[in-house]
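Add chain F to chain C, keeping to what the hints say.
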Amino acid sequence: MIAQTDGANFSTPSGTRIVNPQGPSYLTGGGIMSWIFTLDHKRIGVMYLVGVLTAFLLGGVLALLVRTELLTPEVDFFTNFVQQTGEEPNIAAAKDAYNVAFTLHGAVMVFLFIIPSIPAALGNFVLPMMLGAKDVAFPRLNLASFHLWVVGALFFMTALLTTGLDTGWTFYTPYSTTTNGPVIAATLGVFILGFSSIFTGINFVVTVNTMRPKGMTWFRMPLMLWALYATAIIQVLATPVLAITVLLLTVEKALGVGIFDPALGGDPVLYQHFFWFYSHPAVYIMILPAMGVISEVIPVYARKHIFGYTFIAYSSIAIALLGFLVWGHHMFTSGQSNLATVIFSFLTFSVSIPSAIKVFNWLATLYKGNIHYNASMTYALAFMFLFTIGGLTGLYLGSLATVVHLHDTYFVVSHFHYVMMGGTLVAFLSALHHWWPKMFGKMYNELWANIAALLVFVGFNVTFFPQFILGTQGMPRRYASYKPEFEGLHALSTFGSYLLGAGLTLAALVLVHSLFRGRKAPDNPWGAATLEWKCCSPPTHHNFEVDPLMGSPYVYDNFVEDPNGDGYYEVLPDYKRSGVGAPDEQPAQT
Amino acid sequence: MTLPVLSNLTSPAQMAPALLAEWFRPGASTTAHHVDNLFMVISVICTFFFVLIIALMLLFMWKYRARPGHREEHTSHHNNALEITWSVIPLILAIWIFFQGFVGYIAMRNAPANAYEIEVIAQKWSWSFYYPKEGITSAELHVPKDTPIKLILSSTDVIHSLYIPAFRVKMDCVPGRYNELWFEATVASDKVEDGKWDNDDQTENVYSDGSATYKDAAGVDGYDLFCTEYCGTGHSSMITKCVVYDAAGFEQWKKTASDPRAQGTPLEVGEKLYKRRGCAQCHSIDGTDNPGAGGPSFKGHYGEMVEFTNAEPHKMDAEYIRESILNPQAKIRKGYKPIMPTFQGQLNEDEIFALRQYIRSLNEEQPEDWAPKEGEEEGDTAESSEPAETSGAADAEEASDAEGAADAPEEPASDEESTQSET
Numbered sequence: 002m003i004a005q006t007d008g009a010n011f012s013t014p015s016g017t018r019i020v021n022p023q024g025p026s027y028l029t030g031g032g033i034m035s036w037i038f039t040l041d042h043k044r045i046g047v048m049y050l051v052g053v054l055t056a057f058l059l060g061g062v063l064a065l066l067v068r069t070e071l072l073t074p075e076v077d078f079f080t081n082f083v084q085q086t087g088e089e090p091n092i093a094a095a096k097d098a099y100n101v102a103f104t105l106h107g108a109v110m111v112f113l114f115i116i117p118s119i120p121a122a123l124g125n126f127v128l129p130m131m132l133g134a135k136d137v138a139f140p141r142l143n144l145a146s147f148h149l150w151v152v153g154a155l156f157f158m159t160a161l162l163t164t165g166l167d168t169g170w171t172f173y174t175p176y177s178t179t180t181n182g183p184v185i186a187a188t189l190g191v192f193i194l195g196f197s198s199i200f201t202g203i204n205f206v207v208t209v210n211t212m213r214p215k216g217m218t219w220f221r222m223p224l225m226l227w228a229l230y231a232t233a234i235i236q237v238l239a240t241p242v243l244a245i246t247v248l249l250l251t252v253e254k255a256l257g258v259g260i261f262d263p264a265l266g267g268d269p270v271l272y273q274h275f276f277w278f279y280s281h282p283a284v285y286i287m288i289l290p291a292m293g294v295i296s297e298v299i300p301v302y303a304r305k306h307i308f309g310y311t312f313i314a315y316s317s318i319a320i321a322l323l324g325f326l327v328w329g330h331h332m333f334t335s336g337q338s339n340l341a342t343v344i345f346s347f348l349t350f351s352v353s354i355p356s357a358i359k360v361f362n363w364l365a366t367l368y369k370g371n372i373h374y375n376a377s378m379t380y381a382l383a384f385m386f387l388f389t390i391g392g393l394t395g396l397y398l399g400s401l402a403t404v405v406h407l408h409d410t411y412f413v414v415s416h417f418h419y420v421m422m423g424g425t426l427v428a429f430l431s432a433l434h435h436w437w438p439k440m441f442g443k444m445y446n447e448l449w450a451n452i453a454a455l456l457v458f459v460g461f462n463v464t465f466f467p468q469f470i471l472g473t474q475g476m477p478r479r480y481a482s483y484k485p486e487f488e489g490l491h492a493l494s495t496f497g498s499y500l501l502g503a504g505l506t507l508a509a510l511v512l513v514h515s516l517f518r519g520r521k522a523p524d525n526p527w528g529a530a531t532l533e534w535k536c537c538s539p540p541t542h543h544n545f546e547v548d549p550l551m552g553s554p555y556v557y558d559n560f561v562e563d564p565n566g567d568g569y570y571e572v573l574p575d576y577k578r579s580g581v582g583a584p585d586e587q588p589a590q591t
Numbered sequence: 115m116t117l118p119v120l121s122n123l124t125s126p127a128q129m130a131p132a133l134l135a136e137w138f139r140p141g142a143s144t145t146a147h148h149v150d151n152l153f154m155v156i157s158v159i160c161t162f163f164f165v166l167i168i169a170l171m172l173l174f175m176w177k178y179r180a181r182p183g184h185r186e187e188h189t190s191h192h193n194n195a196l197e198i199t200w201s202v203i204p205l206i207l208a209i210w211i212f213f214q215g216f217v218g219y220i221a222m223r224n225a226p227a228n229a230y231e232i233e234v235i236a237q238k239w240s241w242s243f244y245y246p247k248e249g250i251t252s253a254e255l256h257v258p259k260d261t262p263i264k265l266i267l268s269s270t271d272v273i274h275s276l277y278i279p280a281f282r283v284k285m286d287c288v289p290g291r292y293n294e295l296w297f298e299a300t301v302a303s304d305k306v307e308d309g310k311w312d313n314d315d316q317t318e319n320v321y322s323d324g325s326a327t328y329k330d331a332a333g334v335d336g337y338d339l340f341c342t343e344y345c346g347t348g349h350s351s352m353i354t355k356c357v358v359y360d361a362a363g364f365e366q367w368k369k370t371a372s373d374p375r376a377q378g379t380p381l382e383v384g385e386k387l388y389k390r391r392g393c394a395q396c397h398s399i400d401g402t403d404n405p406g407a408g409g410p411s412f413k414g415h416y417g418e419m420v421e422f423t424n425a426e427p428h429k430m431d432a433e434y435i436r437e438s439i440l441n442p443q444a445k446i447r448k449g450y451k452p453i454m455p456t457f458q459g460q461l462n463e464d465e466i467f468a469l470r471q472y473i474r475s476l477n478e479e480q481p482e483d484w485a486p487k488e489g490e491e492e493g494d495t496a497e498s499s500e501p502a503e504t505s506g507a508a509d510a511e512e513a514s515d516a517e518g519a520a521d522a523p524e525e526p527a528s529d530e531e532s533t534q535s536e537t
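Taken in sequence, the protein lines are chains C and F.
Using this note's numbering, the letters of the first sequence map in sequence onto residues 2 to 591.
Using this note's numbering, the letters of the second sequence map in sequence onto residues 115 to 537.
All clues stand as given, with none of them false.
Partial list, computed: chain C residues near chain F (C-beta under 8 Å):
hint	residue
1	N91
2	Y176
3	T334
4	N339
5	F347
6	F350
7	I358
8	S482
Result set (EDC-like, lysine to aspartate or glutamate): computed pairs, CA atoms no more than 20 Å apart in a straight line:
hint	chain 1	residue 1	chain 2	residue 2
9	F	K369	F	E254
10	C	K369	F	E187
11	F	K451	F	E426
12	C	K369	F	E197
Pair ranges (Cβ atoms, derived):
hint	chain 1	residue 1	chain 2	residue 2	range
13	C	E89	F	P455	19 to 27 Å
14	F	R291	C	T159	30 to 38 Å
15	F	K448	C	T159	23 to 31 Å
16	F	E294	C	A255	29 to 37 Å
17	F	P455	C	T159	26 to 34 Å
18	F	T199	C	R518	48 to 56 Å
19	F	V165	C	V513	34 to 42 Å
20	F	P455	C	I344	30 to 38 Å
21	F	R291	C	Q85	36 to 44 Å
22	F	E187	C	M34	49 to 57 Å
23	C	L58	F	T423	40 to 48 Å
24	C	H514	F	A169	31 to 39 Å
25	F	D431	C	I344	53 to 61 Å
26	F	A169	C	L448	24 to 32 Å
Source of the hints: derived by calculation from the structure; they are not laboratory data.
Please read these numbers as outputs of a predicted model, since none were measured by experiment.
For glycine and all other residues, C-beta sits at the position ideal for the given N, C-alpha and C.
If we strip away everything but chain C, and leave its shape as in the complex, we get (with noise of 0.2 Å):
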């Protein structure tokens, strides 16, 4: 299993051109069981990816159905999916299925879509690979890991499709202690996802704290690691939380014990403090790896180093400590107590600043720069765009006063899709174009996946903007049918939301396309300098057959471009050997 080298280094003019090992491919050899019983994180990353992007369609196309629905102000849509008992249209049953399908849209897309997304698909693939390593410090429990999304998944879709729940992905009392919905089975599903995620959560912890190679300091880490790390943190904190919630809620709706349900001397409002107690963390569980992500490729594209690296490495972790004292403001017009309200509007506040920096750091990261516009680049440019509104509408929604007006209205639907659509997913679009080649060994269309990104940018924008003006103008959330004056904003949305499923669906082809008619990928297509790209695409099993060297993860001056457009090849300059460079610059001996 050696793998043959195609060439030692050899001198150039400008240095010595360093020649990655080649070796088979991860992706060949072994029948399925070798792929569900794998250890390797990287075929656990494939795996994971295949089941997020699955989840994903599945969410998109309730998404679709329900902007369909709101099309037009009246219940008509999902009256054709429901059965008919009279001559006239069954109304009750078609705003139940609306209901349905918000509600798994959600859920779908937040517990088996966004949390696992950048973490679990693409973090598996490439943190080992960052850190030079073979791979995660607990294999086994990377495995296991990903059998319990599995469990999971399985678990609550059955749950969800066979019976119809309504509750919406909040579950809040006592409409899920009361719906005849499957709450029970569905909160159980939440609850094994909740396992899987902090499997994953400690597995990262452990690996950047114990398998970092000789020479990476902390402060050496590519800031994806940063952001890697400070989820995993959320996940093993956060998780236990949920899990707990939803099995009080189970206690209470199977066995009539009163916790949450004031008729048997509960309180629902407690619930809300201990969903989202795990929940308002959990949105930084979403949005840490994204910005992780944008830290990596805006700096690869822009051939810059990247700008105020202690700001950013620091950021990732004030986000992740203060984003467990916010939660309280998801409850301003719940009847919480004002003196609450007042503290959870100010920590809220203070959560907003470490966003701030990072935008501002990497817009600093451009200054100057050789910008490429490949498309990754141009997602992450894009998510920048979106990622700022997504930011500042915030600080409608931290404020008291004007909170009141906008609290569950469309305003709060736009705010958070622009946060964790337009940032977590463009961002995840970033990274699955960037890792893409070294994934699967295959370059895409850059043309198309360009197209793409740009219709998912205005797509995007078409589909949320209509709805801050919506919120603003006082439309109710989780409508199945709205005040006729709304229809325009609506229908503008609805027509964006094609326009953004096409884009994806672009997107989509243009990857699988690529799978089966792209280029070979080379070692290093972009120049970029972190670890994963001192090996072979796709790398082979032990992904590094010798160590790979060490170098700052920002600087690209010994990245040379391949004359013949094969991507970039490492050179070691030889005025480097005999130590000139800059301290922080300098390779280390690994």
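Same frame as chain C, but now just chain F:
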């Protein structure tokens, strides 16, 4: 406190650029400017930062695009002075926005001591507004203008949330606890010039979901009142109106509202109750039954023997209809879910009588007229509404007790509770 407080400033309409004014509809309460002013100022701050960030981004994207002959230049990897500056300036702005929001919020949350109290009972999927001094229960919120109104919110089933966009107020109705909300309306709803807040121009837009909430509420000039906490099937039609009167108009309304008999024939009152009190969301009037999520039609079953899952078969008659309204879980029709909420304390005997006449009329029975009250001439309603006019609580209660006992001679002896809301 010497810090400048934004909410003391003048009306937002003057501050706002035209586009934002259109975007943000005019407020109609004394506290709306707290929301509107801050919204405008945050918008200005956001626009500034958005334009700054995106303009720089686009500039860099153009100026430093990869092209033949262009190379990146090395600049410093960090600059503490710059980074601290762009951390501290947003921090100061954020604290300032927090402070302004805090000031406005406190004003919006602390009701004046003399506020007029109305109890709000939310349930799937209708609103009840109970006026304790007058003993009136209404499906819409009727208030006088220029008077602080305090709503005491509760729910009988799941969490709902009361939201009146024109007043910029919102508060959850949580079962098991009482929440409070106050506002003071400044513009009578029939004086609203910007028609966007009411439905008058959309009367022909009949809502197809059978609830008729919008269509019917359009008969009343008023501000929209939404439920904004998801509460199930009928969430999106749990909408009513807030009608704002001048002082004389409010007195007039109280006079009429305190007596169903003043509002028309039993048939008219029953039809109105059917539309406004949420019956229409589950019960059709065209003979279409909605098993499962809905309820049986009001048409085609009167006088039938009906079967139950938890009781002996019973004829659908006056007694059964009354029980279904006041204690709906006592008999569950076969094939339907036990989802009907109780209207105990929310409908008085006159109203139940009117609803029954409405159901009878749908089944080709001759509806009856109001039965005369004791000591009154038939159809004479002037007497009964007088006590409400005095608005003395003691008088009103005495009157309601007296009438409650004498009321509805056709009905079997009514429960104690059912007399509560009567006048």
